[in-house]
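Heads up: the protein sequence lines correspond to chains D and R, in order.
Note that our numbering has the first sequence beginning at -18, numbered continuously upward.
Note that our numbering has the second sequence beginning at 907, numbered continuously upward.
No lab work stands behind these hints: they were computed from the structure.
Possibly wrong hints are sitting among the right ones.
[Stated by the list, open to error] Simulated crosslink set (BS3-like; lysine-lysine; CA at most 30 Å straight-line): (1) R:K1288 - D:K109; (2) R:K1288 - D:K151; (3) R:K953 - R:K1053; (4) D:K109 - R:K1289; (5) R:K1289 - D:K149; (6) R:K1032 - R:K1053; (7) R:K1065 - R:K1027; (8) D:K203 - D:K151; (9) D:K103 - R:K1289; (10) D:K103 - R:K1288; (11) R:K1053 - R:K1038; (12) D:K242 - D:K151; (13) R:K1259 - R:K1038; (14) D:K73 - D:K109; (15) R:K1259 - R:K1065; (16) D:K103 - D:K31; (17) D:K149 - D:K203; (18) D:K203 - D:K40; (19) R:K1065 - R:K1053; (20) D:K151 - R:K1289; (21) D:K73 - D:K203.
[Said to hold, decoys possible] Now the stretches of chain R that chain D is said to cover, found in silico as 3 or more residues with beta-carbon under 8 Å: (22) 1186 to 1192; (23) 1195 to 1209.
Computed from a prediction, not measured in an experiment: that's the story for all the values here.
A virtual CB, placed ideally from N, CA and C, is assigned to each residue, including glycine.
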Amino acid sequence: MNIQVAERSITPMTGHTAGEPVTRNEDANHELSIRVRGLDLWYGTTQALKSLDIDVYQKNVTALIGPSGCGKSTFLRCLNRMNDLIPSVRIKGLVEMDGRDVNEAKMDEVALRRRVGMVFQKPNPFPKSIYENVAYAPRMHDLVSRKADSDELVERALRDAGLWEEVKDKLQEPGTSLSGGQQQRLCIARAIAVRPDVILMDEPTSALDPISTATIEDLMDKLKQQFTIITVTHNMQQAARVADYTAFFHLGEIVEYNDTKTMFSNPATKKAEDYITGRYG
Amino acid sequence: MSQSFDEISAQLRRRHRKSARLKWISMGALGLAGLFLVLFFADMLGKGMPAFQQAQVQVEIDYNEDAQRMGRAALDPEVSRLVSRTFERLIPGQIRDNPELLGTTETRWVLADSQVDQYLKGHRHKLSESQKATVDALVEQGRAELKFNTTFFTTGDSKMPEASGILSAAVGTVLTMLVTLAIAFPIGVMTAVYLEEFAPDNRLTQIIEININNLAAIPSILFGLLGLAIFINFFGVPRSSPLVGGMTLALMTLPVIIIATRTALRSVPDSIRHAAFGVGCSQWQVVRDHVLPLAMPGIMTGSIIGLAQAMGETAPLIIVGMVAFIPDVSASFAEAATVLPAQVFTWAGEPDKAFVEKTAGGILVLLAILIFLNASAVILRKKFERRW
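Bound-form chain D, shown alone (with noise of 0.2 Å):
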């Protein structure tokens, strides 16, 4: 009996449609925003992501969770074309977006980054004023021109991120003199403010204390009615409180993409299983 054969034995997916999850959420949107086919990656010589399928649904929270490794943070940079600032990194498959691949040679990497927004593991505003930090990318690309429309802006961002209240009075210092916690919802202030389809959020909260991690979750929940979201985490509790659908990843495949509830309650495979209940990772 060779390993093949052992894996599918312990992978009870057969028969349901490549890309969607085992069981439906029925409480979930189930308009397609991603769609992913055969997504093969490899940094150099050594693959990465090997043959991945997924459909993301529009306003929900999606998880990605799986052993450190396994691939998760490098497949939501292909959803942005973030790895292309990394020369090794060669891509095969299919991503596509609102019927368009999002890696052919027509597609502008900055139109793709304006409709999916991104907010990283540490926070990083730039080190220009709050107001700055937020105002930036919009009259960037040209949403606003005027200061009002732009101040307009600002605090709409900033009330959707759950931040305005705590900076209303100090807009002009800089970004980088709030809390972590603070700092991360400027950033998630900053990736709104463009108004995406899309936030890719890598680990947003494994910076950050319990406090702000809860505000952080709350406010994902909030906003998913605006955006997409599809954030990698570390924390198998978080994925449980603020996901709509998880998929797990391992060595660089998706084991499993489910129902988050489903998931954590009754996995549909061996690997995810043993996972969740904390036998590995």
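Since the structure of chain D is already known, use the hints to place chain R on it.
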């Protein structure tokens, strides 16, 4: 069987002695270096400070008929030898320009001859006994004394020590540095930005990188040869001009600015670039709006240090003709000019002893400017230092 503390201490004593000895040797080295620095400054100040004072004598000027042809005739023969010839030469011209002066007399403080100056400062001089007696008598009457030397700062070079100054060299330095900055700063910064932010990491860029680093280590006189061959002989840029000097020094300063800029760019954390790319900046917007502003203090510091280095440079300028006798203050980038270190070099070669203090004085002025530039570089760095 383990060793007791006493046994271990006995062995350690030798090691402790050795480290104490090395500490004393290194402190001695530092002390020696400091001592040389103090000696250097003391000697420079001792020799240079007299240059900021110059002897003047009060004389009666009689604008008579003879003075129209020979200025010396306007002065009492006894003191005429004690007055700077540069002053005497001007008298006929003054009468020509202003005929009303003819027949009048005037009492004025005028520049004394350099020998009087040297005598009053207690240096070696060539005055005869009778001349010495006259000077002593003038000093007694309060008609000869050392005054602040404005001439040193308001005139160019001269063959007469008492009338020579650093203004033309200072203006030449300013013009030359302007050219150097205007060429080396934009080219250097853009080169570094390209290499650091845009260029792919391939063979070609690696070769360019190695060559830039090597360029910084090339003897500066070779840049002078390059300047002569390319700028003067090929492009026909006027010889001895601040233009060609500045271009030559720009070649020399380029690698310094490129290397400093690359270091400054590299010290900007990638998280800032990622943040900027993440909100949809193009590569150039990332550089212009986020990376360059953060790297600017480092770039400025590096550029100022590169400029200070160029300002103290003489060797490459010898070849492009800027080490020369330039009495007039140059008014344009294309006129012949000299620079401060070249002026010091020229004075150091003068046989007249009175130029010794000019040389030291010139060095003091140059040092003061360089210390000012370096200090401003340090202050800039401290002021704009950022934490992420």
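We went through each hint and held it up to the structure:
| no. | hint | in the structure |
| --- | --- | --- |
| 1 | R:K1288 - D:K109 | holds (19 Å) |
| 2 | R:K1288 - D:K151 | holds (26 Å) |
| 3 | R:K953 - R:K1053 | holds (17 Å) |
| 4 | D:K109 - R:K1289 | holds (16 Å) |
| 5 | R:K1289 - D:K149 | holds (28 Å) |
| 6 | R:K1032 - R:K1053 | holds (21 Å) |
| 7 | R:K1065 - R:K1027 | holds (20 Å) |
| 8 | D:K203 - D:K151 | holds (25 Å) |
| 9 | D:K103 - R:K1289 | holds (26 Å) |
| 10 | D:K103 - R:K1288 | holds (26 Å) |
| 11 | R:K1053 - R:K1038 | holds (19 Å) |
| 12 | D:K242 - D:K151 | violated (42 Å) |
| 13 | R:K1259 - R:K1038 | holds (18 Å) |
| 14 | D:K73 - D:K109 | violated (38 Å) |
| 15 | R:K1259 - R:K1065 | holds (12 Å) |
| 16 | D:K103 - D:K31 | holds (27 Å) |
| 17 | D:K149 - D:K203 | holds (21 Å) |
| 18 | D:K203 - D:K40 | holds (10 Å) |
| 19 | R:K1065 - R:K1053 | holds (21 Å) |
| 20 | D:K151 - R:K1289 | holds (23 Å) |
| 21 | D:K73 - D:K203 | violated (35 Å) |
| 22 | 1186 to 1192 | holds (count 4) |
| 23 | 1195 to 1209 | holds (count 3) |
In this structure, the hints that do not hold are numbers 12, 14 and 21, in rising order.
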